[in-house]
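K.L.:
Sequence:
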Amino acid sequence: MAFGVTFITLPFILWTVALHAATFGGLPWQSLSRGFLYALPLTLALSAWAACVFSAFYLRARPALPARQAPGLAGIVILLMTALVLFWVPDYRWRFCTVVIGLLLIAVTKRRSPAAVLTDDPLLPARAWQNSALAGIMLIAVILTLMAYRSDYDDSHFIQLADQTLRHPLLVPLTFDTTLGPVYPHFRFAPYRIASYETFIAWLATWGHLPLFTVYYLLVPGISAALTVAVAFLFSRLFLPRNGAIVATALCVLLLFAWGESHIAYGNRVFVRLFQGKALLIALTTPLTAITGLLLLNRPTLLRTLPLAAVHIMTLGVSSSGLVLTVFTTVLVAACALDKPLKQVVRFWFFLGIALIYPALFVFWLKFINTSGISLAEVGTYLPINASLGLARRDALALLALLLGCSVLAWRRGTLSYLLFTVTTLLMILNPWFADLLAQVSARNMSWRLAWAAPVPLLISTGLAAAMTGKGRFLPGALLGCAVLLAFLLGGRWTLSADNSTQLGWPSAKLPPQYQTAVHLMAQLDKLNLRGNLLTDSPVAAFVPLLKPDFGLVMPGHTYPVMLQTILPPEEFAARMRLFNAINSPQPHLAALEQEMRRFQVQVIIVNAALPPAELLSPAGNAAGFSLNRLVESDGYAIYRVVYHGK
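Okay, so the sequence shown: first residue is 0 according to numbering that gives the first Met the number 0, each after it adds one.
Be aware that one or more of the hints could be misleading.
What the hints assert, rightly or not - Simulated crosslink set (EDC-like; lysine to aspartate or glutamate; CA at most 20 Å straight-line):
| hint | residue 1 | residue 2 |
| --- | --- | --- |
| 1 | Lys526 | Glu595 |
| 2 | Lys526 | Asp549 |
| 3 | Lys547 | Asp536 |
| 4 | Lys547 | Glu570 |
| 5 | Lys342 | Glu614 |
| 6 | Lys547 | Asp90 |
| 7 | Lys547 | Glu632 |
| 8 | Lys526 | Glu632 |
| 9 | Lys109 | Asp338 |
| 10 | Lys547 | Asp634 |
Because the hints were derived from the structure by calculation, they are not lab data.
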């Protein structure tokens, strides 16, 4: 497993470094793309060598497995009382406090619990059935990932980013923007210059001679699904014997498919949306940071810092949010050293700091070198931290499962990695007050994206597996673990359900229906031979930069306005948004915006066909400066040509 994960991920890590060198060093896409292709044999050879080294390192440097300790009667009572309170109090802040109190009470009872059972962990070759079980889990994950259709509007930006890179091979990647039509000499959102995932998709499509959609929606997500299962096993294996780790891996996959309570719940961010780079933060990079960090903890040396540093680079590559997450995941790993001798702790923390040098360079660039039209603290949508846990019953069950894991893995000095990691996750990552504080000093969406810094699904599945595989005096904990799992599976919406806006079908592109609407409308523009700048509503405007890249656009839809606000002059952005807000309103009254219409030379308007022309112009139905000629209807939209008079 360690060999395969390293061999597949290292080329992407090297690509990320190469892209950063190109975009900040002024190297055109054409040179970068060909150069990486020519270096591919060397890259694969280096990946194979590194995979051999890391797989051996993983086997030798794994920490001792946590001893298991059956929860006594007092511990069982505390868990049951905590469960009752969690379902009784409606507010997440009170639930969080309840779990913290339960954790403190369990710590007191641990002194009188039965003696810990040391976990035997011989390095024996895997049996055939064990390999078959993991292969079966992988196959199921890959098939369901490819068959699940759950579209997301964010793809209008991600795919366009790859497309504009391919259409301008002589320009330096991630230094320009074409969403408004002509080439604009500034990239639309500075933090996205750090991510390399979309350009890697473009590189694979170029030299694999495959359609961009095939690479983005099928090839890479299929590989990523298999990697997700492999990484889940590698993580679980740090805390459980092989059989228990296989159970934990299966539980993790099962939980992620069940976890669809909210749009940003963990389950809705992994398999059903594994085509987006930010999904890989939860699926791959956060668990890999924990794995490489814990291996470094056992034997902290400069050379063994390289795997962790490489994972940090990968984290930046899959999503710009990784810039913040690397720091917090590292803090979780750092907390795992608190049961070690002081000298080892200091040495370990020193090497953790060295591994963060690469991300720190980009933090410095964003804060002190890059100039942005607005503060990054104004960017994003605020949501509570428990939105990632699924809200309502699911967040209560997730907290209870974490508490159960802490109760069955013994608090034995030297083997406290799981306990320290989980407790720090509870106190920092899932802390509602800390998440709100972070949202005030960084981007607003860090109020809930902070949850991506901890491998919560894996912590839960590992804790449940540890409880459920117990026998004898561990039986009460096993029964409680089964009850928590069953309640979780039945406690909300599954990611593959129709209620979750998911459909199962043959593997295909997972674009929203509005994409096809935009395709038909752009075809009508070609048929009518229309030119000039276009004004249309957000659902259509989101896909115009991808479908008609050379067609002038007043403002693209969905997330584009937030990004363009950081590079456009404030007065120009405000004028464009006045038109954009008007066309997205029930009564546009464009006659009142004649000055803006003329300024941006709007020649074509696409709007809801049910909207009367009178409401489109003004209550009186006329305008002194221009008129609208209705040309054709398609997919519920009407296409108008703007005719200006005088002036």
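K.L.:
Confirm or reject each hint.
P.N.:
Outcome of the hint check:
no., hint, verdict
1, Lys526 to Glu595, "27 Å, violated"
2, Lys526 to Asp549, "16 Å, holds"
3, Lys547 to Asp536, "15 Å, holds"
4, Lys547 to Glu570, "26 Å, violated"
5, Lys342 to Glu614, "74 Å, violated"
6, Lys547 to Asp90, "47 Å, violated"
7, Lys547 to Glu632, "19 Å, holds"
8, Lys526 to Glu632, "13 Å, holds"
9, Lys109 to Asp338, "16 Å, holds"
10, Lys547 to Asp634, "18 Å, holds"
Of the numbered hints stated above, those contradicted by the structure are hints 1, 4, 5, 6, listed in ascending order.
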